[in-house]
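Peer 1: Protein chains in written order, with the numbering used here: chain L, 1 to 258; chain R, 1 to 258; chain U, 1 to 258; chain E, 1 to 258; chain W, 1 to 258; chain B, 1 to 258.
Simulated from the structure, these hints should not be mistaken for laboratory data.
Computed from a prediction, not measured in an experiment: that's the story for all the values here.
A virtual CB, placed ideally from N, CA and C, is assigned to each residue, including glycine.
Since no wrong hints were added, every one of them can be taken at face value.
From the structure, some residues in chain L lie toward chain W, with a derived Cβ separation under 10 Å:
{"id": "1", "residue": "23"}
{"id": "2", "residue": "27"}
{"id": "3", "residue": "52"}
{"id": "4", "residue": "53"}
{"id": "5", "residue": "56"}
{"id": "6", "residue": "57"}
{"id": "7", "residue": "60"}
{"id": "8", "residue": "61"}
{"id": "9", "residue": "119"}
{"id": "10", "residue": "124"}
Protein chains: 6
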Amino acid sequence: MNLRELWADQQPTFGAWLSVASTASAEATARVGFDYVCADNQHGAMDYQATVGIVQGVLLGGSRPIARVPWNEPGIIGKMLDAGAEGVVVPMVNTVAEAEAVVRACRYPPLGARSYGPVLAGIRSGEYAAGANANVAVIPMIETVQALQNIDDILAVPGVDAIYVGPADLSLSLGLAPGNNDDRAEFTEALLTITAACRRAGVVPGIHASGALAERRLQQGFQMITTSADLLAMRTRMGEELAQARGAERPAGSTAIY
Amino acid sequence: MNLRELWADQQPTFGAWLSVASTASAEATARVGFDYVCADNQHGAMDYQATVGIVQGVLLGGSRPIARVPWNEPGIIGKMLDAGAEGVVVPMVNTVAEAEAVVRACRYPPLGARSYGPVLAGIRSGEYAAGANANVAVIPMIETVQALQNIDDILAVPGVDAIYVGPADLSLSLGLAPGNNDDRAEFTEALLTITAACRRAGVVPGIHASGALAERRLQQGFQMITTSADLLAMRTRMGEELAQARGAERPAGSTAIY
Amino acid sequence: MNLRELWADQQPTFGAWLSVASTASAEATARVGFDYVCADNQHGAMDYQATVGIVQGVLLGGSRPIARVPWNEPGIIGKMLDAGAEGVVVPMVNTVAEAEAVVRACRYPPLGARSYGPVLAGIRSGEYAAGANANVAVIPMIETVQALQNIDDILAVPGVDAIYVGPADLSLSLGLAPGNNDDRAEFTEALLTITAACRRAGVVPGIHASGALAERRLQQGFQMITTSADLLAMRTRMGEELAQARGAERPAGSTAIY
Amino acid sequence: MNLRELWADQQPTFGAWLSVASTASAEATARVGFDYVCADNQHGAMDYQATVGIVQGVLLGGSRPIARVPWNEPGIIGKMLDAGAEGVVVPMVNTVAEAEAVVRACRYPPLGARSYGPVLAGIRSGEYAAGANANVAVIPMIETVQALQNIDDILAVPGVDAIYVGPADLSLSLGLAPGNNDDRAEFTEALLTITAACRRAGVVPGIHASGALAERRLQQGFQMITTSADLLAMRTRMGEELAQARGAERPAGSTAIY
Amino acid sequence: MNLRELWADQQPTFGAWLSVASTASAEATARVGFDYVCADNQHGAMDYQATVGIVQGVLLGGSRPIARVPWNEPGIIGKMLDAGAEGVVVPMVNTVAEAEAVVRACRYPPLGARSYGPVLAGIRSGEYAAGANANVAVIPMIETVQALQNIDDILAVPGVDAIYVGPADLSLSLGLAPGNNDDRAEFTEALLTITAACRRAGVVPGIHASGALAERRLQQGFQMITTSADLLAMRTRMGEELAQARGAERPAGSTAIY
Amino acid sequence: MNLRELWADQQPTFGAWLSVASTASAEATARVGFDYVCADNQHGAMDYQATVGIVQGVLLGGSRPIARVPWNEPGIIGKMLDAGAEGVVVPMVNTVAEAEAVVRACRYPPLGARSYGPVLAGIRSGEYAAGANANVAVIPMIETVQALQNIDDILAVPGVDAIYVGPADLSLSLGLAPGNNDDRAEFTEALLTITAACRRAGVVPGIHASGALAERRLQQGFQMITTSADLLAMRTRMGEELAQARGAERPAGSTAIY
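Use the sequences and the hints to build the structure in full.
Peer 2: So this is what it looks like as structure tokens:
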């Protein structure tokens, strides 16, 4: 099942975020078992050329590759889809016009104006062209006060399958520090406004989170939840291991021989 | 202080192992606070060209870059040093002749036969040439029964600063499954044989370990202990986060709205 | 002779299309003898950085490098030209304003607003700057019904040297399946509308085709005809060879010894 | 001190320009001692992915990395800043609206609309987010007659820290040959118009120059002066060396033995 | 089934040879349907780092990745296997000692001395370590008169699964022009000597061939037959297409309108 | 004329040395007008994969590409030649056996044992195979006291076309500081010993030098003289420019306005 089918099946989906331009790291991430793995071409240290191999690594690892593009621009959206991304996350979609532009870049005519040429995606399935409009997940980001104000209209744009909340940008727009401000009412309220609007519109709400936040986000109604990011996961674990070793360094009553 | 100075100062040193060919990941690892970060060109998914940038990332991140070479071959050893590696880990050194070859490749005349041309290392210090023979750490790996049998002679080779134990290869050579076989007497005995010989010879014993194993290895006498590896750390943490999320997926009495 | 001179000389020109980010493959393609070789940065699996070397490979191979950009955006058009592309193919040019934007990005003042800095193109000729406006081929794509409706006005934009038809996108826009729909009257009619308008305007009509389609396209009036694409050519030939081998696998009355 | 602090301190700043996509070359350049080193993603043969490593190389080499983007587009501006560029040079800013767009892409809310996610910049400083709006240098280019006409209004846009003059583009816009046309009154007048406006507005004037031109540009009021470019410096010196050798080739009365 | 299982099942196997360092091209080749796809690190324009992604592309494409190494050297053999190559082709194996070295580099103890660390291969199967000695295909090349003279002894080396004939090198060694010299008795005789010895020894004979040669090679007893090479296939097909187009260029009685 | 022909014609040849892994920099260097440009894979920050493009850049720039390999190993020598290097510089050749190994790796049978497969070199000339043994320049390095002692025997090895002196390594071997020690009698004597032996043997003597040293080296009998190195040339010129600018910074009586 692709992402849209998982979502239609009412299944929660958990994913990982990639910032490292490495096909090895991408495959390793996919093999952890995520429902989707996103090649972050906005804030991650990667670009299109790296993403070509990352998509291969994610597919080989048995997950579903999606990509975040640097900006709402049809050229790069098309390139990501042609490389085989099964969904595109587009930052800073604040208006109906911007949401329509996203859809237009993701769908072949007559639903949109995506240019035809799935050089890699097309060799993986003889039926890519026929299925692309139904299979590709279109995921604008909702991460500003302006987007919140326009939320119902944005969600009503035909072709928007899911939205994705960037908590840091949303917080900045709300006048908060970047991050997850769950202790601030306006933050939580914004999230609930989004999931409620999504439920009304039949659009899947997604959000950048963590393993620890997953349960809360599920209960807030999110169905697409990113629990992990490559560099952060690596550094967190390394920090724990190093602390454990340094803590062991001079154990009380140690008879260490060095 | 460089690695040799830390060791002379009787300090334990903890490091990380890199398999991902990414300068971003390398810098991120270094910033965790490791005493050394090793670009693994033997089993890691990287080669010399990637290592050039990885060394830069590790230095920028404030740690000490070392490299493991694919094999005991003077060409690649020289390239790693010229790129700025402050130590070289050389696999499968089983005999005195092989240990002498390692030293020869790492030291300028008259101590060895390293070829002169520190194109990158040299721009970082006007005194690279004068100091290299004293600053570069020469680290053959001890990881076979044959090496154990020759251990005192290998450690007596002038210029060997440290040795590094590969527990998986050592285990295979001992007829055990690859890994840390701390519950097997012959494995533990081999480690203690090595650290005892090192103590006698004034050579630093190093080993591939983990955060959890660090205390035991310290007590066994190791002074250079690798606690973390990039892909493994990333996947371990991601697995925990994903499990946490999936566990939360259908909480008892959940009123999740999706 | 450059492309514009070949065209002015009434010569048909045949080219190849590259999707593989390889300077080796690019040179190999050029040496087949094509009049031009296009680095496809829209649907091909390559980007600007790869194109720098591909342009070198094509020039070394004795052909003329051109590039298709991902979208009608002045930044990437300028980069391709600075890298040495002798022409730029720009997708989805549907209006006069869009055609004017293409020209503006390709021509130095006073004919346009291209920014000066031909770092690579300029080292190949001391006279690059003086000749660029005359030598660079500006090639917007005509591939939608909207473009067809505006065809005469688009072709009248000063600085448009040629146009290039994308048959798949044109077909989608016409409500047909993506591909060459020569058996459909509306497709053929669209092509003839384009070549007729080009003839009137003195603009060269180009099209994505194949070896087998070349004769028909010539007769329809096209003067710039792409006959081959790297991945497609490779896979077609490989498929024939593999079929031949598999067919031979169990020859009738075979006494094969395996 | 960062660039903005150096400028506030009234210090002249001298920099280098990089066109070669090499982290080694970047570090080598930084170690020459420049106040800033710019990764030229507009006319240089590099793109974002290369710039990630180049920023690391420049930082390691002890200088301040900045980047020129291909065009005034928020996606690429954000990527450069996230990679750690401490300033962004944006070409062809001709109007107030364009200058406002530059600022918006460079500043977090409420000063702008930069999206949050400093994946690399953020690991270098725990306080990146808090300081970014104060530390990042926003540097639109003034290089057309239109920009000159709007100069006071552009400089009045809040958040513009410096401007950068491209003499070649400015010359083309003035109807001159691309280059430094110091013997032409209109060129000199344009420079003085710019520095005078900058002085009034409290904005730092910068310009692409050379070692030989530095004194004149200082006296004309420029405070950010690029004296060197990688390929040009390399080729100039190589040309001198080769000429010296070829000149020596057949010395008068030579008894050369070849 | 892996290659060794296919061979044990008496099935002929047909493969492709890659010289282009592209994961896209690798996947495209695999999807043609070959039994194996070889990343040629000897004569192809690629090295280890590229092969990491190529192996991923071949696996994703549904074929079996193998690699030819530049030379009989344990470091690079180990790297290829760790990257996931399911077989290694080793050039210029002329003696028993050289064949033993190949096996030693490919098999874990006690069958050989391969170093343990399947960083990528190991994440694809939890049982990689246990199965590697049985699954990896060890394929020395027989391509000189010296190797022919030692053929029975080489084939008797435990662990040699298949051999691979390089017709060009074999021809040079026989004093013939490089290529397939099927019209020369000594060439054909050499091939039959090899297949006969393989049959006696229970070793699979392989050879570099073409689609057209496959039937003959099958009848000569070869069971591993390479029918295609990426650059050659691409250029052959492109040449045909271009010739077809140029032939059509001025058709008799043409009324072409250009 | 290729290098061997230039040398046979008694012409001095001047070259450049590349350490930067950039095809742009390589082409730029070649266009300065050097007789040869060497991709330094020993001490330079590059490897084989980069060299593929560098060879293309040098050829496109109109010069002759050669390569220095990391070590005297047939695999990498073959790869460099297949990529199109027209000569190979091999470090640390101290004995007749080592010199013979170099020749064996560079010449096809019956003159050597180079393996056939000029994937890139061969597409540039239909006659590559026939001419390679005559066209490729075989250039072992003479850079130790041991090599000096064996000089006549090394030069007598059939197939050695030129030798190349590394002054830094030679100095270290002589007990001097690395560099050009022209003020030391033993250094000068060593050079003259080498050129005298070359003259007797009909082998071309080459040396790493500079523009300033070229005349002296010519008079000492060298015929292949490297005058420039990329990073060094770039940094030297940059340093001059920056000094000029900083010197201008506070001119006496300056009325500078910053």
